[in-house]
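**Student:** Here are the chains, one letter per residue:
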Amino acid sequence: QKEVEQNSGPLSVPEGAIASLNCTYSDRGSQSFFWYRQYSGKSPELIMSIYSNGDKEDGRFTAQLNKASQYVSLLIRDSQPSDSATYLCAVAGSSNTGKLIFGQGTTLQVKP
Amino acid sequence: DGGITQSPKYLFRKEGQNVTLSCEQNLNHDAMYWYRQDPGQGLRLIYYSQIVNDFQKGDIAEGYSVSREKKESFPLTVTSAQKNPTAFYLCASSMLFDNYGYTFGSGTRLTVV
Numbered sequence: 001q002k003e004v005e006q007n008s009g010p011l012s013v014p015e016g017a018i019a020s021l022n023c024t025y026s027d028r029g030s031q032s033f034f035w036y037r038q039y040s041g042k043s044p045e046l047i048m049s050i051y052s053n054g055d056k057e058d059g060r061f062t063a064q065l066n067k068a069s070q071y072v073s074l075l076i077r078d079s080q081p082s083d084s085a086t087y088l089c090a091v092a093g094s095s096n097t098g099k100l101i102f103g104q105g106t107t108l109q110v111k112p
Numbered sequence: 001d002g003g004i005t006q007s008p009k010y011l012f013r014k015e016g017q018n019v020t021l022s023c024e025q026n027l028n029h030d031a032m033y034w035y036r037q038d039p040g041q042g043l044r045l046i047y048y049s050q051i052v053n054d055f056q057k058g059d060i061a062e063g064y065s066v067s068r069e070k071k072e073s074f075p076l077t078v079t080s081a082q083k084n085p086t087a088f089y090l091c092a093s094s095m096l097f098d099n100y101g102y103t104f105g106s107g108t109r110l111t112v113v
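Protein sequence lines correspond, in order, to chains A and F.
For the first sequence, position 20 matches number 20 in our numbering, and the numbering has no gaps at all.
For the second sequence, position 27 matches number 27 in our numbering, and the numbering has no gaps at all.
Note that these hints are calculated values from the structure, not bench results.
Accuracy of the hints is not assured; some may be wrong.
[To be verified] Simulated coverage check for chain F against chain A, where a stretch passes if three residues somewhere in it have a Cβ under 8 Å from a Cβ of chain A:
1. 37-46
2. 89-100
[What the hints assert, rightly or not] DEER-style ranges, computed between Cβ atoms:
3. Gln56(F) - Tyr71(A): 28 to 34 Å
4. Ala81(F) - Ser69(A): 39 to 45 Å
5. Ser80(F) - Ser95(A): 31 to 37 Å
6. Lys14(F) - Tyr39(A): 26 to 32 Å
7. Ala17(A) - Gly63(F): 40 to 46 Å
8. Asp98(F) - Ser26(A): 18 to 24 Å
9. Asn18(F) - Gly54(A): 46 to 52 Å
10. Gly63(F) - Tyr39(A): 24 to 30 Å
11. Gly63(F) - Tyr51(A): 35 to 41 Å
12. Gln109(A) - Tyr100(F): 28 to 34 Å
[Claimed, not checked] Below, a sample of chain F positions facing chain A; criterion: calculated Cβ distance under 7 Å:
13. Ala31
14. Phe104
15. Ser106
16. Gly107
Every residue, glycine too, gets a C-beta built ideally from N, C-alpha and C.
Construct all of the structure, not just a fragment, from the sequences and the given hints.
**Tutor:** Put into structure tokens, the structure is as follows:
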């Protein structure tokens, strides 16, 4: 079992729809969770972090965390073609060293 | 402005040649990391360092070497022992024992010619 799992996609949604990206993790002691966006040929950029159970909203983005189910998700409302990218889920394990474990990434395609 | 700088942006390596990728940060971060990314793939950890003069192998360290002589710098050497080095290389940094995630450099694209 991989430590952080994501569906590689591609996930295709029409412009204006809600895109839902999911991630599961195996280390039950994990405390910090991150979503990075990576455009083709570019480096990842941090778009959301979440540390507590529940929802965290930032503009069109909402991160959701459920530690009991070991599940973290990212919702993108009013999806735009510029949101088309690969989204990487990253988890800081229970060792608390700051080192992240990355999922394989989910490719999102937003069609005009 | 604080950040993390990778150079060069593009690098071409001949067969049997060693090449060194530069990574410098002025964020005062303790830890630095090197990842490799192949087309359509996720990030694979090559090496990481949490303090000066110390580093640990990641999942795919064979054919690579690193040094950490200064807190700000973590160069990666791709040796001739790395048989398939063509990839996108990413350097990242973070503080130890905090939970703010990584800052990434802009990457170096290495191609074997």
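**Student:** Evaluate each hint against the coordinates.
**Tutor:** Right, here's what the structure says about each hint:
1. Closer than 8 Å: that is the beta-carbon criterion, and the segment 37-46 of chain F has 3 residues meeting it against chain A, so the requirement of 3 holds.
2. Taking a C-beta to C-beta cut-off of 8 Å, the segment 89-100 of chain F contributes 8 residues in contact with chain A, enough for the three needed, and the coverage statement holds.
3. Taking 28 to 34 Å as the suggested C-beta distance range, the pair Gln56(F) and Tyr71(A) conforms, at roughly 29 Å.
4. Roughly 43 Å separates the CB atoms of Ala81(F) and Ser69(A), a value that falls within the hinted 39 to 45 Å.
5. Taking 31 to 37 Å as the suggested C-beta distance range, the pair Ser80(F) and Ser95(A) conforms, at roughly 34 Å.
6. For the hinted restraint 26 to 32 Å between Lys14(F) and Tyr39(A), the CB-CB distance of approximately 30 Å keeps it satisfied.
7. A hinted range of 40 to 46 Å for the beta carbons of Ala17(A) and Gly63(F) is consistent with their spacing of about 44 Å.
8. In this structure, Asp98(F) and Ser26(A) meet the distance hint of 18 to 24 Å, their C-beta atoms being roughly 23 Å apart.
9. For Asn18(F) and Gly54(A), the Cβ-Cβ distance of about 50 Å falls inside the hinted range of 46 to 52 Å, so the restraint holds.
10. As the Cβ distance of Gly63(F) to Tyr39(A) is approximately 28 Å, the hint placing it in 24 to 30 Å holds.
11. At about 37 Å, the beta-carbon gap between Gly63(F) and Tyr51(A) stays in the expected band of 35 to 41 Å.
12. Gln109(A) and Tyr100(F) have their C-beta atoms about 30 Å apart, which keeps the hinted 28 to 34 Å range intact.
13. For the restraint placing Ala31(F) at the interface with chain A, the shortest Cβ-Cβ distance is roughly 6 Å, inside the 7 Å limit, so the hint holds.
14. For Phe104(F), the interface hint holds, since its Cβ comes within 7 Å of a Cβ in chain A; the closest pair sits about 4 Å apart.
15. Checking Ser106(F) against chain A: minimum C-beta separation of about 5 Å stays under 7 Å; hint holds.
16. The restraint placing Gly107(F) at the interface with chain A holds, with a minimum CB-CB distance near 5 Å, inside the 7 Å limit.
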